[in-house]
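I would like the entire structure built from these sequences, with the hints used as guidance.
Note that the sequence shown covers residues 1395 to 1471 in this note's numbering.
Pair ranges (Cβ atoms, derived):
1. 1443 to 1405: 19 to 25 Å
2. 1429 to 1467: 31 to 37 Å
3. 1465 to 1434: 30 to 36 Å
4. 1399 to 1451: 24 to 30 Å
Simulated from the structure, these hints should not be mistaken for laboratory data.
Every residue gets a Cβ at the ideal spot worked out from N, C-alpha and C, and that includes glycine.
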Amino acid sequence: ETPPELVADVMDQGIYLAGGGALLRGLDTRVAEATQMAVHIADDPLTCVARGCGKILEELENYERSLVMETYAALPR
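Next comes the structure, spelled out in structure tokens:
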């Protein structure tokens, strides 16, 4: 259910891995082989998501139209 314009971006630019899992030895190679796409590891993958979220929060008024606002019911325990 991925929008076509997002699929086009991923096909053009490749897959970016972030977070601690991105540092697993050989993960980028395995993903590239499985998807036949370029795979990149984000600069400083351990903190890049938090830093990006911080930038958005600092300038929220500039990003509001790009954000999806949804609420989810709590999962039963």
